[in-house]
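For the record, the sequence lines run as chains A, B, C and D. Just so we're aligned, residue 992 is where the first sequence starts under the working numbering, counting upward by one. Just so we're aligned, residue 992 is where the second sequence starts under the working numbering, counting upward by one. Just so we're aligned, residue 992 is where the third sequence starts under the working numbering, counting upward by one. Just so we're aligned, residue 992 is where the fourth sequence starts under the working numbering, counting upward by one.
Honestly, I wouldn't trust all of these hints.
Which copy is meant is left open, so a pair is good if it fits within one copy or across any two.
Heads up, simulated DSSO-like pairs for lysine-lysine below, C-alpha to C-alpha not over 27 Å straight-line [what the hints assert, rightly or not]:
| # | residue 1 | residue 2 |
| --- | --- | --- |
| 1 | K997 | K1051 |
| 2 | K1042 | K1072 |
| 3 | K993 | K1051 |
| 4 | K1072 | K997 |
| 5 | K1051 | K1072 |
| 6 | K1072 | K993 |
| 7 | K997 | K1042 |
Worth flagging that the hints you see were computed from the coordinates, not collected in a lab.
Given next are the chains, with one letter for each unit.
There are 4 protein chains.
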Amino acid sequence: MKIGAKVWAIAEGYIPSYSSGPQPEMLSHETACILNTNEVDAEIDLTLYFKDREPAGPYKIRVGARRTFHLRFNNLTDPEKVPLGTDYSSVFVSNVPVVVQHTRLDSRQSANALLSTIAYSQP
Amino acid sequence: MKIGAKVWAIAEGYIPSYSSGPQPEMLSHETACILNTNEVDAEIDLTLYFKDREPAGPYKIRVGARRTFHLRFNNLTDPEKVPLGTDYSSVFVSNVPVVVQHTRLDSRQSANALLSTIAYSQP
Amino acid sequence: MKIGAKVWAIAEGYIPSYSSGPQPEMLSHETACILNTNEVDAEIDLTLYFKDREPAGPYKIRVGARRTFHLRFNNLTDPEKVPLGTDYSSVFVSNVPVVVQHTRLDSRQSANALLSTIAYSQP
Amino acid sequence: MKIGAKVWAIAEGYIPSYSSGPQPEMLSHETACILNTNEVDAEIDLTLYFKDREPAGPYKIRVGARRTFHLRFNNLTDPEKVPLGTDYSSVFVSNVPVVVQHTRLDSRQSANALLSTIAYSQP
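When you get a sec, could you build the whole thing from the sequences and use the hints?
Structure (structure tokens):
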């Protein structure tokens, strides 16, 4: 069964520039959770959009067959790191249908805040 | 009136490995809220996907006719328990249309954090 | 311009049974935000679904033309009040297209938690 | 590649009337994140709906080609400011497809709360 869509967008992106609490668990982070239910690996091109410069990417992401991958934007390095404390958006283009969900842990304060939402899938 | 879809996916799943506060109310938990507005029971197969192993399941879930069921992933035991502190995704396949929403209470800290999002429904 | 859909569902519902902080602003509450962009009033039938009893309702809700209404489930009384500390789901059926979003403020602790998600609209 | 839709609605809107913590970073705010992946600028008309008065707007918003813009409702002034502590909804009509996501930081308390959800896109 093929579940998902090939094109996804997350309009909201922001990695807080500082954290509190034990790390890496309580490190402020921004995550894209990607589910690949297919019998083949998913090859995904990720592009980041910014407020006042040209887009970055594509970042190459592979999610194994019948696997889920919780991508931490903090960990992206190639072709460049994601700047902290900066607004961005992200677009995922996959060769097979996947499902993408967006989550942030904001640990700038001693009391963490969490948000999550399904990403936008192009019909 | 038939409301919902037969196939749903939640890309993000994570049960924190510890909690604070009075239990069971403030126990860290991950919930899938399932609404069945049909005049017949919904029979649902739930499959869990992981980062580095084959999927688990199917877990068999029944939601009564004209009922809602708030499934706590913490309570799943058959065919196996859901590991704590581990990323996973979930896929629901129902014999009748249902509506699925995802919620987490994270009580690792004294101040709880909440998230919720509609799941992805396959068109 | 007609924006929205006539049938909406919120699978997750739960009004915490206690609160902390100044009221009514910081009272624990569950809200359905309803937007009616039409040139006529929206007449909405709301039905609540539970885990172990028959549904309640319909509750009759009117949202004026070109108006928004943030419905607090705490305030529903006719035909019956919504029980606290109990899981429920809700279904909205409107005579004209509307947009529905779900929000909860959980103030059981001194540090509030917030969640929000777009409801499920029947295509 | 054209990603998104031309008409979006956020049913829930509310800018808390006070804040705590360092500003502007921890100022209570309500944001609409708008992604424009097109090769041309997006020209957007934003209209706000209220509980007990006629709508406000249109506010004119421009998002550059291949850019993202995180609109803070707090900063809108023309044709009028957005009142604090008041429920509202928002509708976006764009000349090209965009993606809209809704986020709020509520810093009325020392421990912030965050919410986010994808907006409703008109099919």
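Indices of hints not satisfied (ascending): Every hint satisfied by this model.
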